[in-house]
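Visitor: Residues per chain are reported as follows:
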Amino acid sequence: MVVDKIQTQEFIQHKFAEYYKENSNTIELPSSLEKREYAFLLFRDKTMLRHKGFKNAEGFRAFLLRSTPSDVYYSSAYFEKPEAEMDAKGWLGADLIFDIDADHIPTQCNGQHDIWICKNCRATGHGAKPEKCPKCGAQKFTEISWLCDTCLESAKEETIKLLEVLERDFGFSVNEMKLAFSGHRGYHVHIEDPAVRTLDSIARKEIVDYMAGIGLKIAAYDIEGGHGPGFDDFGWSGRIAKGTYEFLLTTNQEQLENIALKRKPAARIIGQKDKILESWKSKGPWKLLKDVGPDSWRKILRQCVEKQSVKIDTVVTTDVHRLIRLANTLHGETGLKKVELAANEIERFDPLKSALAFTHGSISLEVAEAPQFRLRDTIYGPFKNQKVELPAAEAMFLLCKGVARVLEESVSVQ
Amino acid sequence: MQKLDLKITELDNPDYSRILDRAKKRIEEAILNATVTDQTRNIEIELLSFPIAIMMVATTKDAFLKRRYALAEAKRVYNILKQETNKQKLTEIAECFNWKIKHTRYERNNAQTSTADFSVHFTNYLKNAGGFHEDKWKLVNRTMLNGEVYITKDEAARLLEEEVRTHVENKLETKIDISLPQTIEKEVERLKQLFNTRRGKIRQEEMPTETVLEAFPPCMRQLYNMAPTGRHISHVGRFALTSFLLNSGMPVESIIEHFRPTSDFSEKMTRYQVEHIAGGRGSRTKYVPPKCDTLRTHGICPGIDEDCRRVGHPLACYKRKLRSMKAQSPAQTP
Numbered sequence: 037m038v039v040d041k042i043q044t045q046e047f048i049q050h051k052f053a054e055y056y057k058e059n060s061n062t063i064e065l066p067s068s069l070e071k072r073e074y075a076f077l078l079f080r081d082k083t084m085l086r087h088k089g090f091k092n093a094e095g096f097r098a099f100l101l102r103s104t105p106s107d108v109y110y111s112s113a114y115f116e117k118p119e120a121e122m123d124a125k126g127w128l129g130a131d132l133i134f135d136i137d138a139d140h141i142p143t144q145c146n147g148q149h150d151i152w153i154c155k156n157c158r159a160t161g162h163g164a165k166p167e168k169c170p171k172c173g174a175q176k177f178t179e180i181s182w183l184c185d186t187c188l189e190s191a192k193e194e195t196i197k198l199l200e201v202l203e204r205d206f207g208f209s210v211n212e213m214k215l216a217f218s219g220h221r222g223y224h225v226h227i228e229d230p231a232v233r234t235l236d237s238i239a240r241k242e243i244v245d246y247m248a249g250i251g252l253k254i255a256a257y258d259i260e261g262g263h264g265p266g267f268d269d270f271g272w273s274g275r276i277a278k279g280t281y282e283f284l285l286t287t288n289q290e291q292l293e294n295i296a297l298k299r300k301p302a303a304r305i306i307g308q309k310d311k312i313l314e315s316w317k318s319k320g321p322w323k324l325l326k327d328v329g330p331d332s333w334r335k336i337l338r339q340c341v342e343k344q345s346v347k348i349d350t351v352v353t354t355d356v357h358r359l360i361r362l363a364n365t366l367h368g369e370t371g372l373k374k375v376e377l378a379a380n381e382i383e384r385f386d387p388l389k390s391a392l393a394f395t396h397g398s399i400s401l402e403v404a405e406a407p408q409f410r411l412r413d414t415i416y417g418p419f420k421n422q423k424v425e426l427p428a429a430e431a432m433f434l435l436c437k438g439v440a441r442v443l444e445e446s447v448s449v450q
Numbered sequence: 006m007q008k009l010d011l012k013i014t015e016l017d018n019p020d021y022s023r024i025l026d027r028a029k030k031r032i033e034e035a036i037l038n039a040t041v042t043d044q045t046r047n048i049e050i051e052l053l054s055f056p057i058a059i060m061m062v063a064t065t066k067d068a069f070l071k072r073r074y075a076l077a078e079a080k081r082v083y084n085i086l087k088q089e090t091n092k093q094k095l096t097e098i099a100e101c102f103n104w105k106i107k108h109t110r111y112e113r114n115n116a117q118t119s120t121a122d123f124s125v126h127f128t129n130y131l132k133n134a135g136g137f138h139e140d141k142w143k144l145v146n147r148t149m150l151n152g153e154v155y156i157t158k159d160e161a162a163r164l165l166e167e168e169v170r171t172h173v174e175n176k177l178e179t180k181i182d183i184s185l186p187q188t189i190e191k192e193v194e195r196l197k198q199l200f201n202t203r204r205g206k207i208r209q210e211e212m213p214t215e216t217v218l219e220a221f222p223p224c225m226r227q228l229y230n231m232a233p234t235g236r237h238i239s240h241v242g243r244f245a246l247t248s249f250l251l252n253s254g255m256p257v258e259s260i261i262e263h264f265r266p267t268s269d270f271s272e273k274m275t276r277y278q279v280e281h282i283a284g285g286r287g288s289r290t291k292y293v294p295p296k297c298d299t300l301r302t303h304g305i306c307p308g309i310d311e312d313c314r315r316v317g318h319p320l321a322c323y324k325r326k327l328r329s330m331k332a333q334s335p336a337q338t339p
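Listed in order, the protein sequences are those of chains A and B. One point on numbering: in this note's numbering, the residue at position 37 of the first sequence is 73, and numbering is uninterrupted. One point on numbering: in this note's numbering, the residue at position 177 of the second sequence is 182, and numbering is uninterrupted.
Derived from the structure by calculation, the hints contain no laboratory data. C-beta: ideal position from N, C-alpha, C; glycine also. Keep in mind that a hint or two might mislead.
[Stated by the list, open to error] Beta-carbon label-pair distances, calculated as ranges:
1) Gly262/A <-> Pro223/B: 31 to 39 Å
2) Lys300/A <-> Glu112/B: 32 to 40 Å
3) Glu314/A <-> Glu89/B: 42 to 50 Å
4) Pro223/B <-> Glu167/A: 17 to 25 Å
[Claimed, not checked] Just so you have them, the derived chain B footprint on chain A, three or more residues with Cβ under 8 Å:
5) 51-61
6) 203-214
7) 270-277
8) 435-442
When you get a sec, could you build the whole thing from the sequences and use the hints?
Guide: Now the structure itself:
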């Protein structure tokens with residue numbers, strides 16, 4: 037698909053080097069920096085250089101400039117000897133981390149902009165990769181995941197839900213939750229509170245299940261006795277109550293039947309909507325309508341759990357040895373940077389403006405195939421087999437995605 | 006111990022015989038009954054015999070006995086705390102283990118965690134309840150606000166039991182470099198033998214040596230059947246399947262062969278990982294598959310069937326099925 041791959045690789049690396057030369061002083065190392073492991077994904081052979089340790093930020097920055105990696109990671113864990121082999125590191129604890137990525141969220145765009153390329157015959161297509169290449173039958177593919185406003189908006193909504201549960205239920209203050217845009221399709225939340233550091237992965241799994249509503253026992257509510265979740269309840273119970281109320285506000289016959297309610301109770305609920313909503317002020321609707329039994333209510337509650345659950349990457353949070361991208365370093369797949377933001381700024385935050393790293397000059401490219409994308413306030417593409425000149429950030433995005441090759445760089449400031 | 010100027014080398018001194026007897030008794034009770042009785046009437050003996058019992062169990066270097074003793078001492082604490090009516094006392098004990106705990110009165114009549122006597126910080130809660138299987142202990146089924154989980158007095162006692170168990174287990178791991186007086190060493194030897202005679206009974210039957218596909222739980226059957234079709238299996242799925250197969254007695258070579266058709270198969274990589282999980286590399290830990298709960302978290306559980314309904318672990322389910330299959334079919338003669 038792309039010719040002169042090597043030349044383009046060298047160009048990307050050269051641009052990354054330039055960026056780090058100018059900006060390495062903006063990169064802050066994590067707390068207890070000397071107890072962390074660092075890892076670098078190198079451009080050459082895409083090898084991962086692991087088990088690095090640094091005594092101070094200067095040493096780290098010097099290394100960064102020397103090696104110019106495509107991606108930079110550090111361990112969420114604290115080690116006695118970060119540079120030792122895994123078994124000899126001496127695990128001391130790990131931050132509690134959450135990763136929200138559009139990959140794990142069912143989105144409206146449904147990943148239709150993602151591209152797969154058959155490794156054998158180079159055939160391409162959109163959406164999720166097929167089991168077998170329709171052209172040659174091979175089963176190995178290169179996948180290029182794209183990003184669009186719909187994906188990013190879904191990731192943001194999930195992150196807002198996550199922050200709310202962390203604050204209300206888990207009691208973390210806005211200052212304790214370090215939030216960042218990942219540089220690709222999602223957000224990371226780090227909590228460095230010493231109280232969470234020594235939680236093992238079983239305990240972290242319980243936190244994951246709490247976020248995702250896994251194992252939540254709807255059957256525990258005594259609906260028969262007229263006791264369902266209430267607005268004033270703490271935690272999940274209150275959240276389900278509010279979710280149910282909102283669901284009932286907007287639902288219709290079809291939606292109710294879709295969640296396996298029978299025709300008659302569904303019709304009763306729609307018919308008596310006002311009465312039901314009114315009942316929340318007192319005892320709740322659980323025994324209000326003769327035709328709507330506990331089973332129907334439980335189905336509705338279960339549906340609300342699904343809606344209220346936070347779609348996090350379960351593996352990241354339960355892994356107590358996780359490597360995670362370092363803030364203000366570049367993402368090798370996009371040329372964007374991981375940027376931190378305050379938890380209370382997320383609503384207004386636009387990653388496609390704030391995470392730009394390459395802001396000077398423009399680059400001429402030959403684009404093989406690229407779906408539409410937005411950076412800043414401009415929408416570009418779609419492109420197919422065409423030569424274009426784009427501002428540096430936009431061009432770097434296509435180059436890093438592997439869908440274009442570089443023709444010429446113009447350094448003049450736009 | 007320091008205050009009484011008690012020296013280990015003097016432990017065989019007849020003056021201390023009552024303390025030593027109680028220490029022996031504690032261990033015996035743990036071996037035979039899986040719990041230690043409460044003898045707090047003789048408070049000094051009860052207190053002083055504990056570190057001596059710890060020392061004796063630690064010198065056996067027997068991991069299985071250590072686990073059993075820790076559990077028995079923890080059960081003892083639970084039985085005492087369960088009876089405790091003074092909430093303040095429970096709080097003080099919890100605070101000894103650095104819990105953030107408060108008295109509270111929370112009442113709701115709609116769900117299972119409806120009344121509470123205490124609230125504890127969720128980290129204290131999770132460190133202890135993380136391994137409990139019942140639904141009511143899952144964090145998602147608790148009432149939680151501002152980092153505090155609401156619990157009843159009995160639940161607090163149960164969580165403290167777990168705290169004590171880990172505490173005792175840690176104590177049993179301390180290295181003991183001194184040599185014990187001969188009479189005590191003899192006692193340790195006797196207790197070890199007592200334990201050895203019960204070991205087989207205490208430990209559940211060992212896993213069989215041949216893998217029986219028909220007895221696989223649904224999750225493992227699904228993963229196992231996915232590999233030959235070349236479909237991609239997630240990292241957690243691979244780990245779960247590999248550790249399951251190893252524990253069911255399948256040889257490393259057969260497992261690698263089984264993974265061969267997967268979409269991104271690399272023999273070198275697969276061998277490395279399978280051998281690592283088998284305990285042949287690096288840490289030399291032999292891994293077991295994650296429990297049902299964890300498999301559910303990572304989306305691997307395809308839903309439970311009749312046989313795994315009441316167990317929390319794929320290996321337990323497998324053993325169970327094997328047993329019932331054995332019971333149904335008459336013994337085969339070669």
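Visitor: Against each hint, give a clear statement of whether it holds in the structure.
Guide: Going down the list of hints, with the structure as the test:
1. Gly262/A <-> Pro223/B: 31 to 39 Å: holds, 37 Å
2. Lys300/A <-> Glu112/B: 32 to 40 Å: With Cβ atoms ~36 Å apart, the hint holds.
3. Glu314/A <-> Glu89/B: 42 to 50 Å: Holds: the Cβ-Cβ distance is about 47 Å, inside 42 to 50 Å.
4. Pro223/B <-> Glu167/A: 17 to 25 Å: holds, 22 Å
5. 51-61: With 0 residues in contact (Cβ-Cβ under 8 Å with chain B), the coverage given for the stretch 51-61 of chain A is violated.
6. 203-214: holds (count 5)
7. 270-277: Holds, because 4 residues of the stretch 270-277 of chain A bring their Cβ atoms closer than 8 Å to Cβ atoms of chain B.
8. 435-442: Violated - the stretch 435-442 of chain A has 0 residues with a Cβ nearer than 8 Å to chain B, which falls short of three.
Of the numbered hints listed earlier, those contradicted by the structure are 5, 8.
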